[in-house]
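Student: First to last, the protein sequences are chains A and B. Taking UniProt numbering, the leading residue of the first sequence gets 1, the next gets one more, and so forth. Taking UniProt numbering, the leading residue of the second sequence gets 1, the next gets one more, and so forth.
Among the clues, some could well be false.
Claimed, not checked - According to the in silico footprint, chain B covers these stretches of chain A (three or more CB under 8 Å from chain B): (1) 33-47; (2) 64-75; (3) 296-307.
What the hints assert, rightly or not - Residues from chain B that keep clear of chain A, each with C-beta distances beyond 12 Å, as calculated: (4) 12; (5) 32; (6) 82.
Stated by the list, open to error - Here are the simulated distance ranges between beta carbons: (7) B:92 / A:140: 37 to 47 Å; (8) A:407 / B:104: 16 to 26 Å; (9) A:250 / B:60: 48 to 58 Å; (10) A:28 / B:90: 33 to 43 Å.
To be clear, the hints were calculated from the coordinates, so they are not data collected in a lab. Where is the CB? At the ideal position from N, CA and C, for every residue including glycine.
Here is what each chain is made of, one letter per residue.
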Amino acid sequence: MTGCVAVVGAGQAGLQLATTLRTLGYDGRIVLVGAEPGLPYQRPPLSKGFLAGTVPHEELELRDPSLLAEQRIELHAGRRVVGAVLDRAGGLLRLDDGSELAFDRLGLATGATARRLPVPGADLPGMLTLRSVADAEQLRAGLADAADIIVVGGGFVGLEVAATARAQGRRVTVVEAADRLLARVVAAPFSAHVRTWHEARGTTVLTGAAVAGLTGTDRVTGVTLGDGRTLPADLVVAGVGASPVTSLAEELGLDVERGIVTDVAGRTSHPRVVAVGDCTVQPHPHAPDRLLGIESVNNAVEQATAAAAVLLGHEPAPRGVPWFWSNQGDLRLQLVGISDGYDELVVRRGGSAGEGRLTVLYYRWGRLIAADVAGNPRDFTAIRSALAEGRTLDPILAQDTDVPLRTLLTEARGLPADAAARA
Amino acid sequence: MPTIEFTCPDGSRRTVEARAGASVMETAVKLGVPGIVGECGGGLSCATCHVFVDVDQIDVTGRATDFEEEMLEDAMTPPTELSRLSCQIAMSDALDGLRVTIAKEQQ
């Protein structure tokens, strides 16, 4: 089989798609177009080790150039797609250097952009977001000579940045509009655990606090809250979510709804186009009529691996259990499954679990669907195995931290979680 | 540059050069050594980079930390006292010639 697969977007998902095509035996051209300069790199350390200065740039890079050459993956880094056409047999991309690229199959891995604060002053110097390595370099330089840091948004990126800045001795305030941290993703007991960790290290956490605007003339000097208070700031970092990049998909006439609409294997509304990673929305595992954006390395890798099979006409492997991690200083969070839609919670803490450990188990219709784990890899691996094998564990027995979870795993009975959603 | 000899899950051997300071996991993934996934990129969060260190070298690499040991407890390939998560082994000249066997199944 010859031809050319063009992959637009050279992040974790785009690279995975390109390399998997080769390992599955595709012999045609593979062209990977990335808007950012340099080699494909991983983003998770940008808010942690790279920001702290402990992870060097080389460690971010996902593949050695020698491997890309060996796999005949043509990387066009620092190039943007400025025009595209698509018909039933393939299409053409026009790049910003004037070159054109004909393809017979296309992968979109265009990622997401950091949302900006929709308030006055959001364009002042000293107001930063974090998405790319260039953003991280700018933030690292800014942290070096700032005393007061305000992080707007108590989500994962914001809290990771807060932990890194606080460890460097900066005065850090986290401003969150919701009434608790990580409100969209975890249950209240887990939010409280994370808040306690940050406060114990000297970070100020303000919840239920809306940002009305930023003050300053030639650069930011403060953040004005909804109640009229102005907090002094030398540097403001907004971690208020990301918006999928869908402009190319829209230009090509693909179905787009917040993100590019795909199935779990990255199929789009066009048979010759797949889309993978943060630019996509896909069916919710417990409510297949709802679409879910899953911004994680795990999703990028699995969806891209499946999409490569789809592009080659192979049956994709079934998806595994989604999972996510966040390291905030020595606070290690591991989330597994999709907890959205739970109807029962079990909190596991204290006893022999030890100080600083917390596991929250999520149930739906009596069956385990997800868990959030802080500092307890035993619980995390036991639950990950349980969910992968379709097993559950008794919600009452699970409260006893003296009992290892893996000894409690039983076959799940009754309605599977997704059937329950349809019932 | 220090070298690492990997024994891959299919039994084949592959020797590669590592950047000093790079982890064993990072070296394997970047060069396409099969069998090491390293999904979390070295965050000590996924347990998909399980290796067995050569018995004569485990004292140089050091043994798994408590957290690492807990991550490995339920690994699909059962851990031994030579088990490490290879994202936690940083290469240096002292480790030149390191021999590791990649676990047949990861997670």
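Student: Would you mind marking each hint as holding or not holding in the structure?
Tutor: Right, here's what the structure says about each hint:
With 3 residues bearing a CB less than 8 Å from a CB of chain B, the region 33-47 of chain A meets the requirement of three and the coverage assertion stands. Only residues whose C-beta sits within less than 8 Å of a C-beta in chain B count toward coverage, and the region 64-75 of chain A has 5 of them, enough to reach three; the restraint holds. Coverage of the region 296-307 of chain A by chain B holds [criterion: at least 3 residues with CB-CB distance below 8 Å; count 3]. Residue placement check: residue 12 of chain B keeps its beta carbon more than 12 Å from all beta carbons of chain A (closest about 16 Å).
Consistency note on residue 32 of chain B: stated as away from chain A, yet its beta-carbon is not over 12 Å from all of that chain's, at 5 Å minimum. Listed as outside the interface, residue 82 of chain B is consistent with that label: its C-beta sits roughly 19 Å from the nearest C-beta of chain A, beyond the 12 Å cut-off. The hint said 37 to 47 Å for the Cβ distance between residue 92 of chain B and residue 140 of chain A, and at roughly 26 Å that hint is violated. The hinted range of 16 to 26 Å is satisfied by residue 407 of chain A and residue 104 of chain B, whose Cβ atoms lie roughly 25 Å apart.
At roughly 55 Å, the beta carbons of residue 250 of chain A and residue 60 of chain B sit within the given window of 48 to 58 Å. The beta-carbon spacing between residue 28 of chain A and residue 90 of chain B, approximately 39 Å, falls within the hinted interval of 33 to 43 Å.
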